[in-house]
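S.K.: Now for the letters of each chain:
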Amino acid sequence: MSAAEEVVGEGHQAVEAVPKRAMTLGMGTSLVVLAALLIAPVFVKNFIIFQMTMLLIYGLAVLALNILTGGSGQFSLGQSAFYAVGAYTSAVLMEYFNVNYALTIPISATVCFGFGYLFGKPALRLSGVYLALATFALATAMPQLLKLNFLEHWTGGVQGLVVTKPDAPFGLPMSQDMWLYYFTLAVTLAIYIFSVNLLRSRSGRAFMAIRDNEIAASSMGVNVSLYKTLAFGVSAGITGVAGSLGAIAVQFVAPDSYTITLAISLFLGMVVGGVGWLPGSFVGAAFIIFVPNMAESISKGLSGAVFGVLLFLVIYLVPHGARQIAILGQQFVGKLRKN
Amino acid sequence: MTAVRFQVAALWTALALCTAISNPALAQKKYDSGASDTEIRIGNIMPYSGPASAYAAIGKAEEAYFNKVNAEGGVNGRKIRFISYDDAYSPPKSVEQARKLVESDGVLLIFGSLGTSTNGAIRKYMNEKKVPQLFVASGASKWNDPKQYPWTMGWQPSYASEARIYAKYIMKEKPGGKVGVLYQNDDFGKDYLKGLKDGLGAKASMIVLQEAYDTSEPAIDEHVVKLKASGADVFISITTPKFAAQAIKKAAEINWHPVHIVSNVSASVGGVIEPAGLEISQGVLSASYLKDGSDPQWNADDGMKRFYNFLAQYDPKANKLDAGVVFGYAAAQTMVKVLQMCGDDLTRENVMKQAASLKDFETDTLLPGIKINTAPDHFAPIEQLQMMRFKGRKWELFGDIISSEIGH
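Protein sequences appear in the order of chains A and B.
According to my numbering, the first sequence is numbered sequentially starting from 1.
According to my numbering, the second sequence is numbered sequentially starting from 1001.
Isolated chain B, as found in the complex:
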């Protein structure tokens, strides 16, 4: 009996000693589901199939970037396991995949999922479960809502941010201008229009005509004619590629030469400018935040050199002309930065805390001078863009980096 008692006592002492020794270590290392001494599991949902599968390049670039990080030793010694599922751009499927990632794969967070309605579908679930939904790949401005959705954060400049930048540009360069707006009649167009009006603020009366078009319309000629008739000398074209090209063409046809701004979504040389005609597109304005992989001016740039090396080594099949690759690289870099900042405290709460305290972070493929900044009440990491003008066969950046914050 005494022997037993002695053994028990010894065991307790040993246990107490163990806890005493290991306590400081435990205090430093904190993990939630998905993180351990050796691994960090990150979930992702991409449209690898279906109507939006062109965006899958983003997911592939992100995966390749994490492979590179792992090959170089991981984040603080932990390897990243990137679990990426296909949702075919269908919201119910996104919900299923998000639940699979969180409940079955036990990921620490979901990173860079693509699409507005797909992310909208999982936002409530993620916030109820208190799992970070970081760096959503969508331009809607609703991801910046830390009060209602403290576990969801966007990444790229929102449509509204971009529009505010155009507003700033117009107020500076053409303060007496009359603005004609052509916008797509959906969430994209309306988000934009609202941003434009917010940006113009008291001078919103500069807008002399706002014309909406539906994507079901075969041509938008009539709207362009109306805008010309309104006497506008600034034309903001909040359009998707096909319609942006039509607008450029029609304006030239009716001999209307306003200050012509096209939205960043339609700034593609191959998809918009060339079909519209290089000659008539000279001088068209837009704004950007990413370096263009096809632009030779970046060949000597250190960041882009690293990017090209990365492509050669880890993702040789990727198309460097695809903006999605440049985008995925920069987003993954931001993610890794946040994980590094977390140190050994890999709890979901700390991930959100660190993601909300990025200060002047620059990535290799963002335009020089564009800095990622977040704060606990500010979940919009990129809010700066630079104006660019189409000249010759490519876009030329000009002017300073403009911040979209009102009043700066």
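Okay, chain A solo, but in the shape it has when bound:
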């Protein structure tokens, strides 16, 4: 894997396992993006705000997968299952127990962390395509599990559950959509900063050591099984938060919402955004939200085929996804500065 070569090639930088820039945006760019995200809702319609909220939510879910795959090198096609658990946790708590929506998010995160950690245990014995298949099974099973009879009292079965959308607190003069957007933005920001720091911490270095060479990692004293399951847990926890936010934004949960298609979309988002590059998660999310709409406007009957062609172009032209474009842009700016 190329990442291994990079580490060898940049041996003198051994203190910082991953150069900061390889994983995040520069300080200036980050601030510009953040400012844009903060100001944009003031100027656009509620519908666009809703789409931006969904972008952040899917971005979080892709980010979670990015930590798992880009960080610890484990594949997962089962993210939709964690997303569903998060969504249902929030929906059930809000609708049956009248728990405040904001409180349901840490609860979802904890539940999903536990779920992911436990799933990571047996998954330890699997790697590569076999792990992908095991998680695939999880994703296909989840919608059916949600329809189970003895759970139906809580999950609403096939009919799903309707979730009440929260109003802005303290009588703030903003629409529900706008409030939810800022709320999501705050959560996303917190998780993003947490993720960046996680990957740059000791645990993050352990993840990446495992990704690059498991045997070498264990011989250096990294507890491979612990860190692998931990990566699963963290990834599931973040996906769960995304699921919770998704349930609140969409105001509805049903088994049909969390099929394998969602898991594959998230996987796609990660590849398009650039594996291992965290800001790319949000570019990937934009791809999975907007490109199907674009494809549909080109041809309704062949929307799937058009989407396929667009995806093929992306992979062919920029195989490293948005990360590649960002690096090219950076080089270009660098050249301009020199001149």
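Rather than coming from a laboratory, the hints here were simulated on the basis of the structure.
Careful, some of the hints might be misleading.
[Claimed, not checked] A few chain A residues facing chain B, derived, Cβ under 7 angstroms:
1) F43
2) N46
3) Q159
4) V250
5) Q251
6) F252
7) D256
8) S257
9) E296
10) S297
11) K300
[To be verified] Okay, the calculated bits of chain A under chain B, using three or more residues with CB under 8 angstroms as the criterion:
12) 50-59
13) 301-307
Positions of the beta carbon are idealized from the N, C-alpha and C atoms, including for glycine.
Given chain A's structure and the hints, the job is docking chain B onto it.
M.R.: Showing chain B alone in chain A's frame:
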């Protein structure tokens, strides 16, 4: 200064005159977002891709029908713009598309969106926004709830309505019968079972055994054997196509010949009866509300002639054997009828008001005698079906049109 004052005064007078003249006209024409003198924008959400994409035929037929209406001059001179989006049968996508239709495209209403959970996902939003969600293409009975959801209305007979019709039939034809029910363990099956029990009312004890099966079961033989052992002589099979065929086969195998009723969803000749075997399927009962595009008995029927002409002219690629095409045509016809009734008052409120006051409306592709009726407290447009019996190679309708209302 005086000149200015004079000008201002003149302007005011002119303005006052204008308002005075145009007021009566304004009073007649009222528009909400999506309607104007020249256009009515109608939104729609269909699974053009994904697991349920076979139903997309409905959306295409509806679009073709609106094209026909436009070619013939539109509704009261206004052209219909039918904006139909794909949700791939995924509820979160339905929400996104519904919001796009309402907030970005500014449609007057959303018509004929397909699916139970997809429509369930947008129902609350539509009612909060007070945008009509008309003629939902789903058989769940929950769309008839005008008190809680005054902006949502179904169209086709609900599963519960159909089941009530079977109950009526049984009580009339086999009052001393013992009923065995096999039902799918999901919302479809349960909706049905409830309708059956409501329909039987005090005689619900006629049901000697109700057996549930899960779609994950590979075969349902065991349930059929149990039902036979219970001594039932009426077998109601609330099943989806694959299982309906299995049940017909198994009953013949164990030499059980009850009065066998299969649900309308599984009344397909190609999908259920032929795979099960034509011979053993003779005499199986079901009910229907649409004319069958493949049935030659309708060749001379005026409504179906219009339907076939429409297909030839506006949708030549559509498969007339596909029940979805027949369905879409009839639903679009109902929609156009409501818009005609609205006249020049194209507000969302009036659309709902008119949709809730359809009286004995008949469309070209509904069975003769089936009439669409709605009222402000009754949001279930079609509630009648006709019993049919499988004979030879096709279904034969028999008996009167039966209404599913209890006590009629």
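S.K.: Each hint needs a verdict: does it hold in this structure or not?
M.R.: Results for each hint:
no. : hint    : result
1   : F43     : violated, 15 angstroms
2   : N46     : holds, 6 angstroms
3   : Q159    : holds, 6 angstroms
4   : V250    : holds, 5 angstroms
5   : Q251    : holds, 6 angstroms
6   : F252    : holds, 4 angstroms
7   : D256    : holds, 5 angstroms
8   : S257    : holds, 5 angstroms
9   : E296    : holds, 5 angstroms
10  : S297    : violated, 9 angstroms
11  : K300    : holds, 6 angstroms
12  : 50-59   : holds (count 3)
13  : 301-307 : holds (count 3)
Of the hints listed earlier, those the structure fails to meet are numbers 1, 10, in rising order.
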